[in-house]
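Engineer: One-letter residues, chain by chain:
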Amino acid sequence: MVTMITTTHGDMDEALLEKKTGEVNNDQEYTTWVEYWLKGELVHRSAHIALKKGIEIFGEVANLGA
Amino acid sequence: MANTTAMCTSFKKELLNGSHALGTQATNSVRTVTTKDTFNGALYLVTATINSTTEVYSATGELAATGNYTAKGALLTNATVPSTTGTTAFWTPSASLVWTNLTSSGAFDAVLIINNKSTSGGAELAVSVNTFGSQSITAGTLTLTMPTNDATTGLIRLA
Numbered sequence: 019m020v021t022m023i024t025t026t027h028g029d030m031d032e033a034l035l036e037k038k039t040g041e042v043n044n045d046q047e048y049t050t051w052v053e054y055w056l057k058g059e060l061v062h063r064s065a066h067i068a069l070k071k072g073i074e075i076f077g078e079v080a081n082l083g084a
Numbered sequence: 007m008a009n010t011t012a013m014c015t016s017f018k019k020e021l022l023n024g025s026h027a028l029g030t031q032a033t034n035s036v037r038t039v040t041t042k043d044t045f046n047g048a049l050y051l052v053t054a055t056i057n058s059t060t061e062v063y064s065a066t067g068e069l070a071a072t073g074n075y076t077a078k079g080a081l082l083t084n085a086t087v088p089s090t091t092g093t094t095a096f097w098t099p100s101a102s103l104v105w106t107n108l109t110s111s112g113a114f115d116a117v118l119i120i121n122n123k124s125t126s127g128g129a130e131l132a133v134s135v136n137t138f139g140s141q142s143i144t145a146g147t148l149t150l151t152m153p154t155n156d157a158t159t160g161l162i163r164l165a
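For the record, the sequence lines run as chains X and W.
Numbering-wise (the numbering used here), the first sequence opens with residue 19 and increments by one.
Numbering-wise (the numbering used here), the second sequence opens with residue 7 and increments by one.
If you are wondering where the hints come from, they were derived from the structure by calculation, not from laboratory data.
A hint or two may mislead.
To be verified - Some chain W residues well away from chain X (every beta-carbon gap over 12 angstroms; in silico):
#  : residue
1  : Thr15
2  : Val39
3  : Leu81
4  : Thr106
5  : Lys123
6  : Ser124
7  : Ser134
8  : Asn136
9  : Gly139
10 : Ser140
11 : Gln141
Said to hold, decoys possible - Restricting the straight-line Cα-Cα distance to at most 20 angstroms, the calculated cross-link-like pairs of lysine to aspartate or glutamate (DMTMM-like) are:
#  : chain 1 : residue 1 : chain 2 : residue 2
12 : X       : Lys70     : X       : Glu53
13 : W       : Lys19     : X       : Glu78
14 : W       : Lys123    : W       : Glu20
15 : W       : Lys123    : W       : Asp156
16 : X       : Lys70     : X       : Asp45
17 : X       : Lys57     : X       : Glu36
18 : W       : Lys18     : X       : Glu53
19 : X       : Lys57     : W       : Asp156
20 : W       : Lys19     : X       : Glu74
21 : X       : Lys70     : W       : Asp156
22 : X       : Lys71     : W       : Asp115
23 : W       : Lys18     : X       : Glu36
24 : X       : Lys57     : X       : Glu32
25 : X       : Lys37     : X       : Glu53
26 : W       : Lys42     : W       : Glu20
27 : X       : Lys57     : X       : Glu78
28 : X       : Lys70     : X       : Glu36
29 : X       : Lys70     : W       : Glu61
30 : W       : Lys18     : W       : Asp43
31 : X       : Lys70     : X       : Glu47
As the list claims (entries may be wrong) - Label-pair ranges, simulated between beta-carbon atoms:
#  : chain 1 : residue 1 : chain 2 : residue 2 : range
32 : W       : Ala101    : X       : Gly77     : 19 to 29 angstroms
33 : X       : Gly40     : W       : Gly127    : 52 to 62 angstroms
34 : W       : Asn107    : X       : Gly77     : 12 to 22 angstroms
Being a predicted model, the structure only gives us computed values, none of them experimental.
Here a beta-carbon is modelled for each residue, glycine too, at the ideal position from N, C-alpha and C.
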């Protein structure tokens with residue numbers, strides 16, 4: 019089965035391309051990316067960024083008559 | 007110049023002013039918010055400076071509106087109302103942001119959440135900034151998945 023990849027040159031057969039992948043995994047995110055290269059030219063790059071944590075603020079109430 | 011993860015300080019004040027409706031309010035004989043606001047996630051270049059002092063949306067430093075990216079980014083799906091666990095209230099968009107067939111105008115590392123329905127000087131109010139490792143997209147798909155919607159990881163949490 020032929021897998022087609024969207025590239026800067028239109029859809030191309032994955033078999034004709036060099037594939038590179040990578041990931042970032044830390045406290046804030048888990049990110050994966052995939053690149054496809056054609057004869058040294060980057061023709062496709064996708065990424066999936068999964069945020070692990072949002073932002074927290076703390077509400078405070080002052081003491082009356084302190 | 008750098009982008010910094012933060013809840014926008016102006017957003018905190020605007021919460022006290024009732025300027026943001028992340029969900030709808032239950033029936034209230036005095037005042038009822040029957041329509042919640044809509045929010046966008048806009049992407050910013052690594053060369054931008056968005057942080058806690060960001061008060062409203064600005065195109066400065068945003069990805070250019072090319073390569074299937076449009077100004078102000080994409081609409082966030084907001085199907086889950088704010089909730090609480092223990093003493094912490096939290097809210098998280100209910101679906102990932104997805105751009106298909108995208109070619110970014112440069113490397114980016116931040117998403118700015120803006121309120122489409124509440125403005126100042128004609129510009130959408132800023133909610134928060136979330137940063138991540140620098141990325142660029144070429145004729146590809148960017149998926150930005152939100153954190154788990156709970157009291158310890160939700161996108162917006164008030165403890």
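Engineer: Are the hints correct? Go through all of them and say.
Structural biologist: Outcome of the hint check:
1. Thr15: Given a closest Cβ separation of 10 angstroms, the condition is violated.
2. Val39: Per Cβ check, Val39 (chain W) is outside 12 angstroms of chain X; nearest 20 angstroms; holds.
3. Leu81: holds (17 angstroms)
4. Thr106: violated (9 angstroms)
5. Lys123: Given that every Cβ of chain X is farther than 12 angstroms from that of Lys123 (chain W), nearest at about 21 angstroms, it holds.
6. Ser124: Answer for Ser124 (chain W): holds, closest chain X Cβ roughly 18 angstroms.
7. Ser134: Non-interface label fails for Ser134 (chain W): nearest chain X Cβ at 5 angstroms, not farther than 12 angstroms.
8. Asn136: violated (6 angstroms)
9. Gly139: Gly139 (chain W) not clear of chain X: closest Cβ-Cβ about 5 angstroms, inside 12 angstroms.
10. Ser140: violated (10 angstroms)
11. Gln141: violated (5 angstroms)
12. X:Lys70 / X:Glu53: Not OK: Lys70 (chain X) and Glu53 (chain X) at ~23 angstroms, beyond 20 angstroms, violated.
13. W:Lys19 / X:Glu78: holds (14 angstroms)
14. W:Lys123 / W:Glu20: At roughly 13 angstroms apart (the allowed maximum being 20 angstroms), Glu20 (chain W) and Lys123 (chain W) satisfy the hint.
15. W:Lys123 / W:Asp156: violated (25 angstroms)
16. X:Lys70 / X:Asp45: holds (7 angstroms)
17. X:Lys57 / X:Glu36: holds (8 angstroms)
18. W:Lys18 / X:Glu53: violated (40 angstroms)
19. X:Lys57 / W:Asp156: violated (46 angstroms)
20. W:Lys19 / X:Glu74: Holds. Lys19 (chain W) to Glu74 (chain X) sits at ~15 angstroms (cutoff 20 angstroms).
21. X:Lys70 / W:Asp156: holds (11 angstroms)
22. X:Lys71 / W:Asp115: holds (15 angstroms)
23. W:Lys18 / X:Glu36: Between Lys18 (chain W) and Glu36 (chain X) the Cα gap is close to 48 angstroms, so the pair fails against 20 angstroms, i.e. violated.
24. X:Lys57 / X:Glu32: holds (13 angstroms)
25. X:Lys37 / X:Glu53: holds (6 angstroms)
26. W:Lys42 / W:Glu20: holds (15 angstroms)
27. X:Lys57 / X:Glu78: violated (59 angstroms)
28. X:Lys70 / X:Glu36: violated (30 angstroms)
29. X:Lys70 / W:Glu61: violated (24 angstroms)
30. W:Lys18 / W:Asp43: holds (16 angstroms)
31. X:Lys70 / X:Glu47: holds (5 angstroms)
32. W:Ala101 / X:Gly77: 19 to 29 angstroms: holds (28 angstroms)
33. X:Gly40 / W:Gly127: 52 to 62 angstroms: violated (42 angstroms)
34. W:Asn107 / X:Gly77: 12 to 22 angstroms: violated (43 angstroms)
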